[in-house]
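Visitor: One letter stands for each residue in the lines below.
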Amino acid sequence: MDFRSYVIRRLLLVVPVLFGVSVLIFGLIQLFPPYQRAMLYVTDPRQMANIDEIIELYGLNATIWEQYITWINQVFHGNLGWSTVVGMPVTDAILTYLPATLELAIFATPIIIIGGIWLGTKAAANKDKFIDHATRTGAIIGWSLPTFWFGLVLMMVFYGYFSGFLPPERLSTEMSVLVHSASFTRYTGVNFLDGILNWEWGVTFDSLRHMILPVVTLSVVNVAFIMRLMRSSMLESMGKGYILTARAKGLPENMVINKHARRNAMIPVLTVSGYLFAAIVNGVVITESIFNYKGLGWWAWRTALMLDIPSILGFALFSGVLFVLTNLVVDLLYARFDPRVRLGGTI
Amino acid sequence: MKGLKFFFYHIRRNPLSIIGLVLIVTFAIIAIFAPLIAPTPEGQFDSYMIPRDGYASTPEPPSAEHIFGTTQGQYDIFYGVIWGTRTAFQVGFIVMGAVLVIGILLGSIAGYFGGIIDEIIMRITDIFLAFPPLILAMAVTIALGPSIQSVMAAIIIVTWPSYARVIRGDILAVREEDYIEASRSVGSSHLRVILRHVLPNSIYPVFIMASLDIGAVVLTAAALSFLGLGVPEGYADWGQMINFARNWIIGTSENTFAYWHAVTIPGLFIFFFVMGWNLLGDSLRDILDPRLARR
Amino acid sequence: MNKLVEIKGVSINFYTYEGVVRAISNLDLDIYQGETLGLVGETGCGKTVAALSILRLIMPPGRIESGQIIFYSNGDKPTDLLAIAESKIRTIRGSQISMVFQEPGAALNPVYTIGDQITEVILLHRKQELASKALITLDKLLVERDSLSTRLFRPARIIQRRLYQRMSDNPGTRLLGFVERTPIIRRFLWRLEKEAEQIAISLLKEVEIADPYRVIKQHPHQLSGGMKQRAVIAMSLACRTRLLIADEPTTALDVTIQAQILELLKRLKDEIQTSILYITHDLAVAAEICDRVAVMYSGSICEIADVVEIYKNPLHPYTRALLAAVPKPGKKLSAIKGFVPDPLDLPTGCCFHPRCKNARDICKVKEPIPVEITPGHFVTCYLYDGEKLENSG
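Protein chains in written order, with our numbering: chain A, 1 to 347; chain B, 1001 to 1295; chain C, 2001 to 2393.
Be careful, since some hints might not be right.
[What the hints assert, rightly or not] With a cut-off of at most 25 Å between alpha-carbon atoms, the simulated BS3-like pairs for lysine-lysine come out as follows: (1) A:K122 / A:K294; (2) C:K2331 / C:K2357; (3) C:K2266 / C:K2312; (4) C:K2194 / C:K2217; (5) A:K240 / C:K2205; (6) C:K2140 / C:K2077; (7) C:K2088 / A:K259; (8) A:K240 / A:K127; (9) C:K2332 / C:K2366; (10) C:K2205 / C:K2269; (11) C:K2008 / C:K2366; (12) A:K259 / C:K2194; (13) A:K129 / A:K240; (14) A:K259 / C:K2127; (15) A:K259 / C:K2008.
To be clear, the hints were calculated from the coordinates, so they are not data collected in a lab.
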């Protein structure tokens, strides 16, 4: 099918999926008693004293359909409930903790993608030689590592042993004070950027120093994954006829690999990059909890531990929706760039 | 005979596969002989609860009584990792088994019958796949109340969609083959066709996926326990043991590695267990994948 | 006629997990300038391996065990293609010797346009020429000094001029190599690409593609099988090859398209005076286009002769059986009894002896040597080895 119809079809598919996502979350909500469900509609701690009124107001004893309408209505108004753990509405909590996680993701994603692609290409091009075995072993180790354990070990070595060289959390105490003081404007909430924007380089370096371990922990497992995918994709690509043609044309080997094989091999890897986003959100929960790095993952963990229902389910809804939209963008980009899809005709 | 020749040729080329096999077999032996290796103390009813030697919070280093030492709350690490092996196998096999059953069932129905049934089932998988796995697992675990069963249920819920999709894809490919039409034309019922023709030809990739995934399943379960969302306190589970150790990684002021045993030992068990399955799955895939040139 | 390529005693083995496959044993073959030599044989007899060996494209687990392939290019001294350095043979691949494969769809890279793939080979091998052409255009532009645009771009054009001058004199310098590799500076060489595109368009016209300007911008999947194969042929002729190796180029196409491509090749052969090594399993096609035909069985040549001679007077039992096996209306089908031998376990002596009606004891023991029966007509068979047989008695 041609590009236009592909795009339309893809966009239309998003709707039922988003609907289904909301239904799933709603279903999980229904597993709780009315008292806890009422927490989803609370916007102010003082309201908690009048829980029965809330239950009445939002019809929490009514039929499922009505409850769903009520709930979805609230969601569209941005009200996801109140987070007892951090003492603010869930929506605010998400917005507050998002920049920290974004910071990690900004650094981790290019490392994962570029590192994975590069290692995968090298491994495939030198199949069965030392570098192939070395990277594959590295990949197997990376893929088998429990991220949480790896992070702890890293912290043990770099924070404990090298006394505080790479500390946990986002900022050291002094920088923290500086960031929250009046003279510092938090434009984005992303510390290293804010540091640059305020011309306070100390803040930038400090936040970068704190980010090294979490980013490494986050990246290792995912680099292994991308690398393995890239390697098998490259091997398949290199077995194709156009590679022989390229060699028969007299192209030097590195051009054969980089220009011809890799372009084709990257296509499946790029389609997977949508799932990479999910993997990062996954990893972020564990990583942030280990390093006490106060981002979305850390918040999600604490809320789960404290059985703060609105938060954990609000977060699940948020990541679900975000993930669906990210995949949509990735799929559309892929369609745009793969000429076989973009220009239609027989494949 | 040919298969055997290929098998040995492959082993020679790729020694890592033997390591995988050895690891899994070792763990299996540990799991089976757990009651002999780490006997449950007299009077304790539930073997899966780790015995505590007192209630002090500081972990103790390895000694004659406690071969691997104790962790926070004086839980015996040796007992914990040995019986934790059993937990790992249980979680891995039960979850994988359920995922395979559900995935193959729904995937086959979707793939074989196609049309609207296919669309509906695919949308359902899309919905489940719309969440980052850990987040959904966390949500489900909380909704069902923290316990090892909810952990398993959560992971099953998170994992089955990918399998359904893979099986559906394979069945779609197989369905168009001529022998299916031939079978139907002589009057075989749908069920017979599925069981005798479609499934045997499309099932290999799924099993390979499953063997590669057992490691991931165990890792996710450990992650949930580590976050404190899974098993009850004191249950023999590797993830939980690392959770106990997390406050002690800094060690004392003189010796940062004073409590290394509490962190490292359970972690190594997880690591080698998962690696064993990954290596095994990798080899299985290399052996069974027809696309890799048989050289 | 002068020789172009001389294959002498080439043996190639493939080392698989099941054992050693002797793909080619002691192959001797000569290709003359300007001729079209047909290489005929069943699937699996080693034709493609022989062809790939000329370009030295045998990849592991294949290994060229022995032999020489002497290439007589214009003016230069004869070179053994199996012995020269990798960098040298890369200059020959695609330019002096090029290859067309069986599946045009597989030969083209789906993510690049046809234009990209053709200009790729032109840019690789004809840099000097392209640079000279670009210089002419540049010089014309640099002479004008009137309009705003010429004055604006003048400095850039001067730099370009120096680069192209350097390139047309000596393309291999390190400076040029550096410029070619660096992402942004590389854009200075855009005129080369434009010139190459012009050549590509004229090539596409040569292969009778109707709308070359459009096809240049298209991707392989947008073309039909016949058009793809024409594009591949254009690609192989881009650098004035001396030898075009065509490995069953029409097998994957419809019969009508097959006829068109054959006509095209015949016409090109006359115009460009290139030699063609035409590999096929189809005797009729070989008769159409070839000047000489070599028949191959299990890795060695059984018989070579002029095309008319070999069809009128086939000598080797295998050739005879092949010709007899061609279905003729009214005649009973005759097949060659037996099976193509398993390459892992070739028969001793003459490979054909298990299936040969005239097999004798010596055929099972020792491989025969080629004997010239009439001028230019060689057979490898003990039936025609009269004197030798008496001597070894």
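Visitor: Hint by hint, note whether the structure agrees.
Guide: We went through each hint and held it up to the structure:
The straight-line distance between the Cα atoms of K122 of chain A and K294 of chain A is roughly 37 Å, outside the 25 Å bound, and the hint therefore fails. A distance of roughly 20 Å separates the Cα atoms of K2331 of chain C and K2357 of chain C; the hinted pair therefore holds under the 25 Å criterion. Taking the CA atoms of K2266 of chain C and K2312 of chain C, the gap is about 22 Å. The hint holds against a cut of 25 Å. As the CA atoms of K2194 of chain C and K2217 of chain C are separated by approximately 13 Å, the hinted pair is consistent with the 25 Å bound.
In summary, the hint linking K240 of chain A to K2205 of chain C is not supported, as the alpha carbons are separated by about 28 Å, beyond the 25 Å threshold. Of the pairs offered as hints, the one joining K2140 of chain C and K2077 of chain C is violated, with about 39 Å between alpha carbons and a cut-off of 25 Å exceeded. Between K2088 of chain C and K259 of chain A the CA atoms are separated by roughly 21 Å; this keeps the pair inside 25 Å, and the hint holds. About 16 Å separates the Cα atoms of K240 of chain A and K127 of chain A, which keeps this hinted pair within 25 Å; it holds.
Between K2332 of chain C and K2366 of chain C the CA atoms are separated by roughly 34 Å; this puts the pair beyond 25 Å, and the hint is violated. Taking the CA atoms of K2205 of chain C and K2269 of chain C, the gap is about 16 Å. The hint holds against a cut of 25 Å. Between the alpha carbons of K2008 of chain C and K2366 of chain C the distance comes to roughly 20 Å, so the proposed pair stays at or under 25 Å and holds. Between K259 of chain A and K2194 of chain C the alpha-carbon distance is near 20 Å, which keeps this suggested pair within the 25 Å criterion.
A hinted pair counts as satisfied when its Cα atoms are at most 25 Å apart, and K129 of chain A with K240 of chain A qualifies at roughly 21 Å. Distance check on the hinted pair: K259 of chain A and K2127 of chain C sit about 19 Å apart at the alpha-carbon level, within 25 Å; holds. Distance check on the hinted pair: K259 of chain A and K2008 of chain C sit about 36 Å apart at the alpha-carbon level, beyond 25 Å; violated.
In summary, the structure is inconsistent with hints 1, 5, 6, 9 and 15 from the numbered list given earlier, while agreeing with the others.
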